[in-house]
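**Q** Residue numbers (full-length UniProt numbering), protein chains in the order written: chain S, 1 to 308; chain G, 1 to 308.
Don't read these hints as lab results, they were simulated from the structure. It should be emphasised that the depicted structure is a prediction, and the values quoted were computed from it without experimental measurement. Hints may contain errors.
Where chains are identical, the list cannot tell them apart; a pair therefore holds if satisfied intra-copy or between any two copies.
Once the Cα atoms are required to be at most 16 Å apart in a straight line, the calculated EDC-like pairs of lysine to aspartate or glutamate come out as [as the list claims (entries may be wrong)]:
{"no.": "1", "residue 1": "K241", "residue 2": "E3"}
{"no.": "2", "residue 1": "K260", "residue 2": "D152"}
{"no.": "3", "residue 1": "K282", "residue 2": "E126"}
{"no.": "4", "residue 1": "K260", "residue 2": "E246"}
{"no.": "5", "residue 1": "K260", "residue 2": "D202"}
{"no.": "6", "residue 1": "K241", "residue 2": "D64"}
{"no.": "7", "residue 1": "K111", "residue 2": "D64"}
{"no.": "8", "residue 1": "K241", "residue 2": "D266"}
{"no.": "9", "residue 1": "K29", "residue 2": "D268"}
{"no.": "10", "residue 1": "K241", "residue 2": "E58"}
{"no.": "11", "residue 1": "K260", "residue 2": "D242"}
2 protein chains.
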Amino acid sequence: MPETIAIVGLGLIGSSIARGARTYGLARKIVAVDRDAAVLDRVRALGIADQASASFAEGVEQADLVILCVPVCSIGAVAAELAPHLKPGAVLSDVGSVKGSVVAAVMPHLKSGNAFVPAHPVAGTEYSGPDSGFSTLFSNRWCILTPPDGTDPAAVAAVTAFWEGLGAIVETMSPEHHDLVLAITSHVPHLIAYNIVGTAADLETVTQSEVIKFSAGGFRDFTRIAASDPTMWRDVFLTNKDAVLEMLGRFNEDLAALTKAIRWGDGDALFDLFTRTRAIRKGIVAMGQETAEADFGRARPDAKSTGG
Amino acid sequence: MPETIAIVGLGLIGSSIARGARTYGLARKIVAVDRDAAVLDRVRALGIADQASASFAEGVEQADLVILCVPVCSIGAVAAELAPHLKPGAVLSDVGSVKGSVVAAVMPHLKSGNAFVPAHPVAGTEYSGPDSGFSTLFSNRWCILTPPDGTDPAAVAAVTAFWEGLGAIVETMSPEHHDLVLAITSHVPHLIAYNIVGTAADLETVTQSEVIKFSAGGFRDFTRIAASDPTMWRDVFLTNKDAVLEMLGRFNEDLAALTKAIRWGDGDALFDLFTRTRAIRKGIVAMGQETAEADFGRARPDAKSTGG
Chain S
1 MPETIAIVGL GLIGSSIARG ARTYGLARKI VAVDRDAAVL DRVRALGIAD
51 QASASFAEGV EQADLVILCV PVCSIGAVAA ELAPHLKPGA VLSDVGSVKG
101 SVVAAVMPHL KSGNAFVPAH PVAGTEYSGP DSGFSTLFSN RWCILTPPDG
151 TDPAAVAAVT AFWEGLGAIV ETMSPEHHDL VLAITSHVPH LIAYNIVGTA
201 ADLETVTQSE VIKFSAGGFR DFTRIAASDP TMWRDVFLTN KDAVLEMLGR
251 FNEDLAALTK AIRWGDGDAL FDLFTRTRAI RKGIVAMGQE TAEADFGRAR
301 PDAKSTGG
Chain G
1 MPETIAIVGL GLIGSSIARG ARTYGLARKI VAVDRDAAVL DRVRALGIAD
51 QASASFAEGV EQADLVILCV PVCSIGAVAA ELAPHLKPGA VLSDVGSVKG
101 SVVAAVMPHL KSGNAFVPAH PVAGTEYSGP DSGFSTLFSN RWCILTPPDG
151 TDPAAVAAVT AFWEGLGAIV ETMSPEHHDL VLAITSHVPH LIAYNIVGTA
201 ADLETVTQSE VIKFSAGGFR DFTRIAASDP TMWRDVFLTN KDAVLEMLGR
251 FNEDLAALTK AIRWGDGDAL FDLFTRTRAI RKGIVAMGQE TAEADFGRAR
301 PDAKSTGG
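Let's have the full structure, built from the sequences with the hints guiding it.
**A** See below:
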């Protein structure tokens, strides 16, 4: 296990890593690094790190493992600033939701004695900031590593062990394949959710009040991921453009076919698709990636007290 | 309160109404009517009705209130068959997710001594059948009534009281406006979810196994409503075509603008939309239509036992 880890950026992910590292005993010393004074104050008040610093140099100079948890468009500048201060043998890693652009942004700044092991834990909630993290966020979730060819195997092993310590299942693939997979499993779903919530908010024939009141018919499910951090997601779409546009193209082709089926009253085509898609969810539940409880097991506010 | 209610079709909604009527004491006698022998067997085994019948005539002849809970394309045929057997003064109602076509299908069959009060409780889960229902499904959810002009006010009051007894908040509007509102709050969200799950299942560059494993990045939220009853949803799209196509058109226009913003790297446009949409979810939580818990408060299967 690393003596000292430094976490740069204490949002949902960074603060969850800090909590998890402490809870599961994954490092002797946890250093939190953030440029935002208010965030550092919360980190100190929450007691989730042994040291909290606004200085990159001071924050990383002793670290054996440094994890960048900043929005992906900032990663290059952050890497440029802190890479010179990494000690020989220290491993640099990240948690960015896009890997191709992150690898390109970080690698040029690395000194020869340090390895970069890009990582992406496929986990999160719609909340942000140091208060929103929790130690079990990564439990039973996949963490994808995309080490460039030639990366020191010992560095990859160290990052693998760290994420397994947090409860994650580690899988390795190329940055390009990662970006394609995440385009369909995460980025385009978020885009679609953001879009439909925006469309609903802009109608002149249906009021926002009506959209909100009657949201339990399906709409409200979309609003959760459309409440995700705007900075993080802006950066995702700016840096995974090609894969997102490719997947969007396929989404649109399929939607056009579905629209035609509706226009022409093709009930069989609709029924066939709706039957196929039920099986996908069963697969996700079977893989332990989703609860089988109806309605996500959502708490029911103000439910009548008798029964159910 | 009605002496006797008859529920025709004991799926998720019908069986929830039966349970709720018993739990909250909303009728002295509950009659379940279903053509499916297996469903009737379950209804008897579950003990959720006082009488279970496959015969429409026998099932409704004593009822003061009859609620049709069958797929919307079947409602006309069912109404044609049972309307002659309604006793004078009995009120007919339904729970269909589309109101314009239901009104058109049912009204011609009504005898002059009976009123039809169309209803739609905006509530549900992704599960189906008599085992899936529960008495608090409608608690704190809206139930929309769309009585045609000239409907007996006493009949509307009776149906209103019934739904309020189930814990719902009742609101009235025209069938046309209902169909527009539900197109955006429910029907198009379901269509988009069905579509993206289908698109993800059909990729040749990303395997279904990968889609399932990495689904916790956003995709899995969509799979719940894409696991909804295929028969019910086929019928919804066959009967609310115009409103759905209108809303889809707007969705597509907005998506095209968003796609262009991504292609041109317009980070500000993305950030602005993503900030706006966060506020919508806050409104839904404030209206009591959604939990504030992170990630819907989803149970975490196999979470490491220490910590949060």
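**Q** All hints, please: hold or fail.
**A** Consistency of the hints with the structure:
In the homo-oligomer, the alpha carbons of K241 and E3 never lie at most 16 Å apart, since the shortest distance is 38 Å inside one protomer and 63 Å across protomers. Proximity of K260 and D152 under a CA criterion of 16 Å is satisfied in neither setting, with 53 Å inside one chain copy and 40 Å between copies. With identical chains, the CA atoms of K282 and E126 are at most 16 Å apart between copies only, with a shortest distance of 12 Å across copies and 24 Å within one. Taking the closest pair of Cα atoms, K260 and E246 come within 16 Å of each other only across two copies (13 Å); inside a single copy the shortest separation is 22 Å, beyond that limit.
Within a single copy, K260 and D202 get their C-alpha atoms no closer than 25 Å, and across copies no closer than 19 Å, so neither meets the 16 Å cut-off. Proximity of K241 and D64 under a CA criterion of 16 Å is satisfied in neither setting, with 33 Å inside one chain copy and 60 Å between copies. In this assembly of identical chains, K111 and D64 lie within 16 Å of each other by CA distance solely inside one copy; the values are 14 Å within and 82 Å between copies. In this homomeric assembly, K241 and D266 come within 16 Å of each other (Cα to Cα) only across copies, at 11 Å, whereas the closest approach inside a single copy is 34 Å.
With identical chains, the CA atoms of K29 and D268 are never at most 16 Å apart, being 61 Å at best within one copy and 39 Å at best between copies. Proximity of K241 and E58 under a CA criterion of 16 Å is satisfied in neither setting, with 35 Å inside one chain copy and 63 Å between copies. In this assembly of identical chains, K260 and D242 lie within 16 Å of each other by CA distance solely across copies; the values are 12 Å between and 27 Å within a copy.
Hint compliance for this structure: hints 1, 2, 5, 6, 9, 10 are broken, all remaining hints hold.
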